[in-house]
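*Asks:* Protein sequences appear in the order of chains A and B. Under my numbering, the first residue of the first sequence carries the number 1, and numbering increases by one thereafter. Under my numbering, the first residue of the second sequence carries the number 1, and numbering increases by one thereafter.
Keep in mind that the hints were calculated from the coordinates and are not lab data. Since the structure is predicted, the reported quantities are computational estimates derived from the model, not experimental observations. Among the hints, a few may not be true.
[Unchecked claim] Example chain A residues on the side facing chain B (calculated, C-beta under 7 Å, incomplete):
no., residue
1, Ser116
2, Glu117
3, Val119
4, Pro120
5, Val124
6, Ser128
7, Asn137
8, Ser142
9, Gln162
10, Gln165
11, Ala169
12, Thr172
Idealized CB from N, CA, C, for every residue including glycine.
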Amino acid sequence: MEQTKKFNEEELKELKSISKNLRERALTMVYKAQSGHVGGALSSIDLLLILYKKTMKLAPEWTNDKELSKRDRFILSKGHASAALYSILCEFGYFCPSETAGFRQLGAKLQGHPNSEYVPGVEVPTGSLGQGLSMANGIALSLKLDKNPAKVFVLMGDGELQEGQIWEAAMTSKHYKLDNLVAIVDRNRLQIDGNTEDVMGLEPLVDKWKAFGWEVLEINGHDYQEIYEAYQKASLLGREKASPVVIIANTIKGKGVSFMENNAGWHGKAPNDDEYNKAINELRGL
Amino acid sequence: MLTDNRKISSLRVAYGEAIAELGKENPNVVVLECDLSKSTQTIIFKNACPERFFNMGIAEQDAISTAAGFASSGKIPFVSTFAIFASGRAWEQVRNSIAYPKFNVKVVGTHGGLTVGEDGASHQALEDICLMRVMPNMTVIAPADSIEVKAAVKFAAEYKGPVYLRIPRPNLPELHDESEYQFDMKAHILREGKDITIASYGETVIECLKCAEMLEQKGVSAEVINVSTIKPLDEKTILQSVQKTGVIMTVENHSIIGGLGGAVCELLSETLPIPVKRIGVRDQFGQSGKDTELMAKYGLTAETFIDEAIKLVEFKNK
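This is chain B alone, in the form it adopts within the complex (with noise of 0.2 Å):
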């Protein structure tokens, strides 16, 4: 099958070797901790470049506005913390200070959604998606395997404006070809189907991708998308494959509200309107719980949404 024996690998790690490569490569890159590093894994740039890894200490607000003082002296600063704090406790900072002067920074928010190990609901950030992608000169992209990560790093260090980054805390499968993989913006389809379209980002896409390979032996028929990049999302790879199968699900491990499923609903409404169900945590907070228990808890694996897509198709078909 194709989600199994795949090399299981940390995403975390990856970014951190990610920064530590590019800040060989480029003198202008600088990484701001908030005291983390050794979750977010930034302390590998630390012991690549000393010099230009500057811990913040436990003040996220005051972090991303220093970034926003690198950025405009000419630095690449990736800050990075807890999605949560980058995208909450420091979203003004980053509205006012970045994203309206379109400053180069890269806000890298670890940890995003329930599977934040057992801290519960005050760690789990199931709003950073939406609360990024609201501003305007934003661009919002959440990876699904270390390989994305890493190209994704590469991509944000070369794209000159604000980037959000959502890096998720479990080691998962790897999905992509690294020597082949190259970062674009874009949604790409995983697997095709005709029935209906999956659409999905981070830890959840190879649940997707499980999910597809048991509605195959149901006779259905699924087509798989990573959108990877939530904001500019990917509008014609999307619009083409539900053209085909006239039916969209988002899986997503945030809220149902303003995440993947709200940017799908926001598209199609307006221009294709058709059927869709929002996977995600339906408008409450998280708790504390294993990864497993949490993903299943709330209605994350494949196991636990095959039933809604089975539901769509047949609505679809009525």
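In isolation and in its complexed conformation, chain A is listed as follows (with noise of 0.2 Å):
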């Protein structure tokens, strides 16, 4: 196997600028609307980030021939992160950094959940759980019926997978032998109700997917090393085995900011003035 390469500081200075960039769009989005799901928008941003700028073939002019071009797809399973998107593909220019004051508002393209019809670099329309993974199957089988070289990656959330459909879709990933997906679990292990185990317990996961025949990874998932090699890994590992490879990326819901990380109650709650500036000034290291 080739060696992945390694960050060097310089990059992985720039990574943690950029990821520190996406955060503070993310939580600006939610304060201003006063609304959206900040948690595991923090928790997912780090993997967004290495996969749009060191992991997927794509650009924003690509998505112009929709159906048919050769760009990889990603599709964020777990649609109330949908800050985390938008930041990311702001910061790649999918759209005007205008666009993100309309978040959640009225009229405005960039919806709580987000909407495949309004939003360049949207594949599918995602919100309701347990939807995504089906999704990227037929993007995936579909990618093979072309000949298309072209990668699927989905995020869902950990809480998402107590959904049955994760499972039917688990089992249609494997039956079709879908080598061009790779799934990544955002294991922040808070829900709305609380702790994911105490909830509804998924563990244990690792053998969970594996009992459904996929070939299983797992991550730090603030680690850009790790994430980066993953991604890489997961891709030779899919091909060879002719298997999906699913990446348990365990992470920090409202990683970043202190006082929201680990906090089941930062879930679905904008902050307010003084929690707001709190936060900033601690991703701007103030």
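Two chains, two separate frames, one set of hints: put the complex together.
*Replies:* Shown next as structure tokens:
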């Protein structure tokens, strides 16, 4: 296997700096709208950053040929983390930064949960949990029919895995040997009503995916090097085993803002003025 | 008589043949099936285009969302299962992953209504037209014979957007001429009359034609309309007819709530309030039985609903 490249100091510094911008933009969207899901957006931002900046082959102009281009596809199955997705799409030029002011506002493109009709770079609508992996399978099957080498990445929440449809889809991915599909689980261990293991236990999670025939990788979802290596390895492993691959990314809900970290209360709450200022100062290292 | 000596044919076989035909012409057509390929007759497509046939197993929710993924990539998926599961089990998947983004998916529910063999209430979709009609962006089509099935499938494949197609299980008399019938989403007047309008779709259309012939013997002139597209409703044809007749009876192998009867009441109450009689299953579950027994038991045969037509005309003339 090819040696995966190591990020040097400068690259790590750049990634860290972008991730701070992404977090700040996501937080600001939720703050201005006084509505949105901040905890699960912050837990997934590092995973998204390495996908969009270092892994997927895609560019905003490729989305014009929405159906046929060779761009890699990303699906945010945990659609409530829309602030994170919008933040990254904005960062990479999919729409004008001024659009972010419309987040969750009447008449705006950036709906509470992503809509593929209005937002460039959004492949399918998500928000109703449990449907993203099935849709990703449909795209992966379609790409295979077209002999299109593009890959499909789908990010699921851990609480979302309680939806039965996920496991129907997990059978489908394996049955059709979707080696062009990489699933990522944002394992932040919290859902609205508390700890996932208290609400509806998911463990042993790695064993569950293995039992469904998937290749499983487990990583720290905030370590850029680990994330990058897992994405590279997943694609190779998939091809080698003719199998879909899932990456269980252990993350921290609310990552980056100390008082939001590991607190289920920040699942779907917007910060007030003081909380917002405190959070921004912390992100900026002030 | 109009209803006599007509060729009887299978609507499900017509569906399977139509998608197989389409599949050979259009490489973007894919078919998803939920372990019922011999019942829905998608097996005909499977034999014609095996590489584009995907059995999803007994997992309707996954099948519907997978079809959405196909559509987002430029394919034209036909997803088939029994109407009860397509419209009920996977309703929210149809709503959020197909209707909301206007994806080009054709959801095909076979075995609509009471006539599902002897399977009973658990398998009888008496609510599917209602459940699909209530969704924005959804087109709802329920053909009355095998010729209309073929024409509707062809239309659905060319039409860009979500379509729900309801296919009855029983073999039915052919009402259309295959060489000239083209599907156009319009309601079609199959028999003209002046005393009462009878609107229907699917397997009850033939019963409405029989009823009209029986009414003629009693001196009542009935206009029969095949409303095979329940949504968008061809309001013009229905309004023109009732402006002439003054009363309307809807007949459907479906609940009286929310189906064609509901759609017609919604239209008329806002535009031209006139007496309406809804014939259908009256807010109850079905049961096991033979098709003919069930249709008679629940009042869906010409013999069982003719009196309601006469009462409606008498009411108008009072």
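*Asks:* All hints, please: hold or fail.
*Replies:* Right, here's what the structure says about each hint:
1. The criterion of a C-beta within 7 Å of any C-beta in chain B is met by serine 116/A, whose closest approach is roughly 5 Å, and the hint holds.
2. The interface hint given for glutamate 117/A holds, since its Cβ lies 6 Å from the closest Cβ of chain B, which is under the 7 Å cut-off.
3. Hint status for valine 119/A: violated, given a least beta-carbon distance of 11 Å to chain B, over 7 Å.
4. Interface restraint check: proline 120/A against chain B, minimum CB-CB distance 14 Å, threshold 7 Å, status violated.
5. The closest approach between the C-beta of valine 124/A and any C-beta of chain B is roughly 5 Å, which is under the 7 Å cut-off, so the hint is satisfied.
6. Because the beta carbon of serine 128/A sits about 4 Å from the nearest beta carbon in chain B, less than 7 Å, this interface hint is met.
7. Below 7 Å, beta-carbon pairs count as interface contacts, and asparagine 137/A has one with chain B at about 5 Å; its hint therefore holds.
8. The closest approach between the C-beta of serine 142/A and any C-beta of chain B is roughly 4 Å, which is under the 7 Å cut-off, so the hint is satisfied.
9. Annotation: glutamine 162/A was flagged as interfacial toward chain B, and the flag is violated, the nearest CB pair being 14 Å apart, outside 7 Å.
10. The criterion of a C-beta within 7 Å of any C-beta in chain B is met by glutamine 165/A, whose closest approach is roughly 5 Å, and the hint holds.
11. Interface hint status for alanine 169/A: upheld, as the beta-carbon distance to the closest one in chain B is roughly 5 Å, under 7 Å.
12. Checking threonine 172/A against chain B by beta carbon gives a least distance of about 6 Å; that is within 7 Å, so the hint holds.
In this structure, the hints that do not hold are numbers 3, 4 and 9, in rising order.
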